[in-house]
Amino acid sequence: MKVLVAVKRVIDYNVKVRVKPDNTGVDLANVKMAMNPFCEIAVEEAVRLKEKGIASEIVAVTIGPKVSQEQLRTALALGADRAIQVETDDEVQSLDAAKMLKAVVDKEEPNLVIMGKQSIDTDNNQTGQMLAQLAGMPQGTFASEVEVEGEKVKVTREIDGGLLTVSLNLPAVVTTDLRLNEPRYASLPNIMKAKKKPLETVSPADLGVEAAPRLKTLKVEEPQPRQPGIKVESVEELVDKLKNEAKVI
Amino acid sequence: MSSTGTAFDPQTLESLLTDGGKVLTAPDDLASYGCDWTRIYEPAPIAVVLPKSTEEVQAIVRFANEQHMALVPSGGRTGLSAGAVAANGELVVAFDRMNQILDFNASDRIVQCQAGVVTEQLQNFAEEQDLYYPVDFASAGSSQLGGNLSTNAGGIKVIRYGMSRDWVAGLKVVTGSGEILELNRGLEKNNTGYDLRQLFIGGEGTLGFITEATMKLTRQPTGLTVMVLGLNDLTNTMDVLQAFRNKLDLTAYEFFSHEAIQHVQQHAEVQSPFETEAPYYALLEFEAISDGVLEEAMGIFEQCVESGWVLDGVISQSEAQAEKLWQLRERISESIAPRTPYKNDLSVRVSRVPEFLQEIDSVVQKEYPDFEIVWFGHIGDGNLHLNILKPEDMEKAEFFRRCETVNDLVFGIVERYEGSVSAEHGVGMVKKKYLGYTKSEAEIAVMKGIKRVFDPNGIMNPGKLIDSE
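So the sequence lines, in the order shown, correspond to chains W and S.
At position 181 of the first sequence the residue is numbered 181 (UniProt numbering), and the sequence of numbers has no breaks.
At position 117 of the second sequence the residue is numbered 117 (UniProt numbering), and the sequence of numbers has no breaks.
Among the hints, a few may not be true.
As the list claims (entries may be wrong) - Simulated pairs of lysine-lysine, DSS-like, Cα-Cα distance not exceeding 30 Å:
1) K247(S) <-> K66(W)
2) K197(W) <-> K396(S)
3) K20(W) <-> K50(W)
4) K324(S) <-> K50(W)
5) K50(W) <-> K196(W)
6) K32(W) <-> K243(W)
7) K195(W) <-> K324(S)
8) K433(S) <-> K196(W)
9) K196(W) <-> K247(S)
By construction, these hints were calculated from the structure, which means they are not laboratory data.
Could you build the full structure based on these sequences and the hints that come with them?
Quick look at the structure:
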């Protein structure tokens with residue numbers, strides 16, 4: 001069976017994000033970029049399905065500027081067979097991303113789409129759900145366990161106070177949660193082999209989608225800095241502060 | 001020297017501390033402040049004093065001279081040579097409360113710190129200024145600057161940035177005779193005779209105590225990328241180092257054995273770098289400032305595989321991965337700590353490492369057939385940590401006795417290779433009797449003479465580094 005994995009280039013999880021002085025967004029100049037951590041988990045899950053003999057082909061897809069090919073090469077090094085880049089320098093919001101992915105799904109006809117539950121840059125958590133709706137596929141979101149059984153996929157989801165297991169007819173969309181797996185490192189020999197794997201570039205226009213942002217960012221601000229703690233001299237002072245300043249007793 | 005003067009009175013001492021310093025005498029405090037990471041000597045200090053200022057340290061030193069009391073400095077207590085152990089009724093001077101960053105000058109790129117500033121605190125401060133303090137090691141979260149400098153700490157970035165010594169622009173010290181000296185005052189160039197600053201760096205508190213340090217900072221590295229390589233053989237570590245060093249500026253080159261990784265993985269959830277099992281591993285780090293640098297690194301990797309030195313390898317794809325790969329190396333010490341490791345910290349010139357390694361390895365295998373050996377080290381600096389783990393059913397005393405018999409063999413090899421019996425851990429009490437393998441009698445005699453000049457009454461950390469006469 002064919003698996004389509006969507007990956008996104010985002011600011012490196014470890015980088016301390018700085019807000020631009022004019023509050024229009026975060027500063028991305030000379031900042032390390034990497035594959036979205038949830039997308040790494042999606043790639044890993046696809047590779048495991050292939051290692052189990054369930055998946056026969058893994059196609060990685062990304063939407064973004066030319067440099068986002070780096071993340072596709074990483075996916076190829078981790079075990080994807082080929083890659084598709086939807087190249088655009090425009091801002092692509094969730095619904096447009098879902099429409100572009102829908103066009104790729106129409107063309108590739110995968111049996112399973114695996115993607116991260118959200119990207120750590122905008123934290124929208126909706127592209128997977130939108131894609132499922134547009135493509136008319138069932139969805140298993142926040143997956144902590146994925147098991148393909150014949151024409152069905154069983155997805156275990158972590159919900160408040162327990163686990164919910166759903167069974168979906170294939171083809172289906174699965175979005176990954178943190179505990180699904182621990183992604184492997186890309187090995188150097190595989191990184192070199194990945195350079196020779198096919199990578200196709202298409203434009204949004206080729207897919208018949210025009211990016212049209214519906215949301216406007218008004219302002220990005222740093223969170224309020226935390227007040228530093230103080231040491232009190234006596235129990236009486238502590239009680240007084242709890243009563244009169246914090247007003248908790 | 002133990003306390004031999006009039007009976008020690010904590011209140012008299014505390015009355016001298018006019019800036020808010022404190023004296024502790026509770027048994028728990030004595031036990032924790034009286035030792036470092038070594039577990040060979042039982043801590044038995046008479047009291048612990050926590051000064052707040054250089055003037056208070058001076059008052060303590062003067063008091064100790066009058067009372068004929070021995071002083072032991074205490075920082076983050078992460079030392080591995082018992083340099084900060086008070087086992088003979090000494091007064092411990094702990095710098096925990098002197099933890100302020102006093103001043104920062106952006107155009108000089110220097111920062112003035114009290115001795116009790118924690119290494120990580122300085123690293124974070126530098127980062128907030130878009131700068132970098134490059135001395136780094138596993139204990140950076142608790143070790144203090146004063147201790148780092150008194151032991152001239154090294155760590156994992158020495159190959160690129162040097163030792164702690166290289167980052168000191170100035171020191172304020174209180175000598176054993178109670179003088180306050182301000183040494184070098186932050187100058188880059190200052191050729192006015194003896195550079196006394198250098199005597200206190202690595203002096204292990206035997207001449208005086210460092211109370212403030214002015215440290216240099218540098219630009220932040222960009223795009224730090226980590227590779228972990230599986231190696232076929234111990235000597236390949238140097239072939240691989242040469243291959244990379246010829247073309248790239250490495251910021252780190254570490255090595256460790258498979259046993260080391262196994263201990264880390266039993267101790268914590270740390271992922272294997274790759275499936276191929278290799279007897280030895282090298283971790284190297286460099287600044288991937290451009291795609292060209294990455295291409296170059298890949299090319300060197302290929303060459304190392306073709307030469308049969310390297311079995312497999314991974315490269316970090318993100319900073320998070322780089323950090324995870326570093327854990328393979330950084331968590332070794334803590335993972336073997338429960339096994340009471342006997343730690344050797346040897347160094348030779350880099351060019352002599354391959355032969356040296358082979359000789360040590362064969363001696364160790366012959367002499368310790370029943371002991372588990374864990375190798376790791378900053379091999380790019382010629383520095384090896386040879387750790388011998390205590391068999392679980394062996395008594396501690398018996399284990400250390402057997403380790404010491406082999407020491408003479410190991411240190412004999414070090415001496416022949418003109419190496420050091422303590423590359424970065426210092427001498428303290430643990431390595432004192434082996435100093436002669438690295439320093440000549442004449443050198444040691446000069447050291448003792450210097451000690452007498454700064455500490456005429458022999459009260460500063462006595463019994464560490466050298467025996468005073």
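**Message:** For a quick check of understanding: which of the numbered hints are violated here, in increasing order?
**Reply:** Going through the list in order, the structure violates hints 2, 3, 6, 8 and respects the others.
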